[in-house]
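Novice: Chain by chain, the residues:
There are 2 protein chains.
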Amino acid sequence: MALTIKDIASMAGVSKGTVSRVINNNPEGVSEETREKILKLIDEVGYVPNKMARSITVAETKTIGLIIPDVQNPFFPQVIRGVEDCAMENGYTVFLCNSDSDIKKEQKYLYTFLEKRVDGIIINTSGDLNDKKLTALIHKSNIPIVILDRKIKELSRYPGVYVDNARAAREGVSYLIENGASNIAYIAGVKDVYTVEERLKGYCMALEDAGIIINKQYLSYGGYNIQSGYERTREMLSHNPEIDGIFAGCDTIAIGVLKALRELNKKVPDHIQLLGFDNITMSGEMVPPITTVSQPMYEMGYQAARMLLASIQDKTIHQADQYLETDLMIRESTRKKQVREEI
Amino acid sequence: MALTIKDIASMAGVSKGTVSRVINNNPEGVSEETREKILKLIDEVGYVPNKMARSITVAETKTIGLIIPDVQNPFFPQVIRGVEDCAMENGYTVFLCNSDSDIKKEQKYLYTFLEKRVDGIIINTSGDLNDKKLTALIHKSNIPIVILDRKIKELSRYPGVYVDNARAAREGVSYLIENGASNIAYIAGVKDVYTVEERLKGYCMALEDAGIIINKQYLSYGGYNIQSGYERTREMLSHNPEIDGIFAGCDTIAIGVLKALRELNKKVPDHIQLLGFDNITMSGEMVPPITTVSQPMYEMGYQAARMLLASIQDKTIHQADQYLETDLMIRESTRKKQVREEI
DNA sequence: CTGAAAGCGCTAACAC
DNA sequence: GTGTTAGCGCTTTCAG
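Going down the list, the protein sequences come from chains A and B. For the first sequence, my numbering assigns the number 1 to the initial residue and increments by one for each residue that follows. For the second sequence, my numbering assigns the number 344 to the initial residue and increments by one for each residue that follows.
Quick caveat, the hints were computed from the structure, so don't treat them as lab data. Computed from a predicted structure; not experimentally measured. Warning: the hint list may mix true and false statements.
Computed spacing ranges between beta-carbons, pair by pair [unchecked claim]: (1) H139(A) <-> N367(B): 19 to 29 Å; (2) P631(B) <-> N25(A): 51 to 61 Å; (3) D413(B) <-> K201(A): 33 to 43 Å; (4) N142(A) <-> T377(B): 26 to 36 Å; (5) S238(A) <-> P584(B): 37 to 47 Å.
Just so it is clear, CB atoms sit at the ideal spot from N, CA and C, and this is done for glycine as well.
Produce the complete structure using the sequences and hints provided.
Specialist: So, in structure tokens, the structure goes:
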């Protein structure tokens with residue numbers, strides 16, 4: 001078996017308490033002499049303190065849990081990295097779980113986090129947690145939680161970090177309109193997901209701002225993948241050939257849209273202007289580079305972790321929701337604004 | 344404080360031992376009657392067993408550690424998902440750490456894993472672990488480890504899952520040659536990284552197979568990013584305008600190459616054929632879609648986890664290295680082979 | 001400055 | 001079947 005604090009104590013001829021003080025860098029209570037002796041011994045014999053054992057008595061694990069739908073969705077790697085960086089900087093390790101937005105999995109992972117006594121949880125989920133028992137356990141456990149990107153009804157008492165999806169979408173779609181588009185489709189993500197519906201609101205507001213009547217034919221829900229963007233675009237255009245602008249629910253969808261437009265010989269932005277959302281790396285590498293609403297993905301993750309750590313340190317203060325800024329990244333899938341400047 | 348097994352025991356009027364038996368689903372030793380009574384009580388009062396405490400006595404945490412350079416590199420999300428799926432299916436939770444291929448970080452995370460007593464570790468790292476003390480600790484701890492994708496000198500005693508990079512590169516580059524390329528550049532990844540050098544071997548073999556003399560001017564190392572591929576291509580072509588084929592060290596680099604070629608008005612594949620490596624999703628979405636050596640990324644992660652769990656279950660058996668198959672994905676950045684068939 | 005002892009929440013061996 | 005007891009490895013009083 002591995003060495004224990006007891007072994008070290010007896011080898012050094014001191015008590016467990018003394019060894020404990022030195023491995024915890026407890027500044028007081030140990031003479032410089034014995035401290036060094038013990039440190040040297042630990043180094044020589046290769047003793048690694050058991051943090052599990054420590055955790056049970058100090059009631060903190062220095063671990064946080066992160067639940068996201070899927071790492072393979074290009075939106076998440078950056079946010080994951082953001083939370084990990086912040087966590088690591090502060091001595092926390094993170095459990096990563098992919099829920100596929102499956103409520104059952106989310107519930108299972110949440111329960112596991114509770115069992116493993118993580119110090120806090122960051123969660124991004126579509127849908128809602130319809131398990132009363134679980135939410136009761138969560139509330140009861142008094143564990144700090146921060147919501148990431150998508151509001152969750154059952155967890156509404158917890159703070160979160162968001163982006164103003166409606167405002168961002170409104171700004172983006174307005175830009176399309178300013179540049180001459182008027183028959184604008186919204187190739188959306190999954191129906192009923194918080195961000196998707198918020199962006200729909202923004203889309204509608206932009207149209208209303210411009211006095212354009214909203215056409216329900218121009219709205220199509222689907223998945224967050226290239227294939228979905230591709231298929232829905234083909235279908236959308238076959239029924240509505242007059243479309244001259246497309247707002248894609250996210251950049252991955254936008255890439256599928258672009259593929260469809262290429263096949264249909266629709267020039268972007270001449271025939272149809274295209275607007276994405278997220279600003280994943282690849283959106284700028286497509287031909288043409290896609291104009292998109294940039295979300296601060298890394299920052300969202302980082303701030304969520306910051307907020308969580310603050311809650312962990314002081315469980316009494318209630319953090320306020322945080323809204324981060326988006327930014328319209330103008331690239332070549334939309335027309336240049338100079339049309340107006342020339343007037 | 345949260346409820347403990349002791350609380351449940353006294354509330355139910357039984358001993359801790361009995362409660363322990365039911366929460367561990369220990370089939371024997373408890374009457375159906377008391378079992379149900381206790382289960383009902385646990386459910387009502389909201390008791391969540393403390394797995395940390397359990398772990399210290401049973402000496403297993405049902406946790407594994409995964410170290411990769413960076414989630415944001417498109418190669419990793421799929422492998423992460425592979426290991427997570429396998430881990431989750433078997434009741435394990437995974438710690439994810441990004442090392443940036445920084446030896447210091449790798450060492451720190453490895454040590455943390457040891458402290459937290461993870462049951463096993465999967466690691467992908469460039470460079471080598473030059474900390475004798477740490478490797479000694481690792482060996483001493485007897486913790487199962489599996490290497491992922493890149494061999495590590497100091498950890499050579501551990502099994503790993505790989506791809507035959509040399510063979511795969513040889514096949515890909517040969518394909519370029521068969522289709523008429525003869526002045527082929529290798530825009531590589533980071534120098535001295537295992538996979539990068541293996542692919543170099545394959546590249547050289549392919550040239551030798553075809554009787555083409557290797558030109559050192561045609562080799563350029565860089566980073567695993569678009570920018571690097573872009574810059575090195577521009578530089579490469581400014582010095583060697585005769586180049587008619589490029590083997591990119593990975594798809595991300597290939598995307599940068601493509602961008603440079605577009606700017607330089609080099610038609611792909613007519614003027615220059617392009618071969619990538621990895622088969623990340625986006626490689627098929629570029630214009631033109633990139634021919635690439637496909638690696639089974641998800642499978643690599645999944646198999647690594649399988650191997651690790653097997654080692655955890657039986658620490659005595661030594662697993663053998665596993666080599667997974669690659670596949671040349673022929674798309675449009677290379678010429679059609681029909682040239683030869685016509686003869 | 002250091003040791004002894006109690007206890008964290010749980011499991012496991014052994015009685016009854 | 002169930003309770004009792006002794007740990008697991010560590011921290012934390014409390015003495016001295």
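Novice: Does each hint fit the structure? Answer for all of them.
Specialist: We went through each hint and held it up to the structure:
no.	hint	in the structure
1	H139(A) <-> N367(B): 19 to 29 Å	holds, 26 Å
2	P631(B) <-> N25(A): 51 to 61 Å	holds, 59 Å
3	D413(B) <-> K201(A): 33 to 43 Å	holds, 35 Å
4	N142(A) <-> T377(B): 26 to 36 Å	holds, 30 Å
5	S238(A) <-> P584(B): 37 to 47 Å	holds, 45 Å
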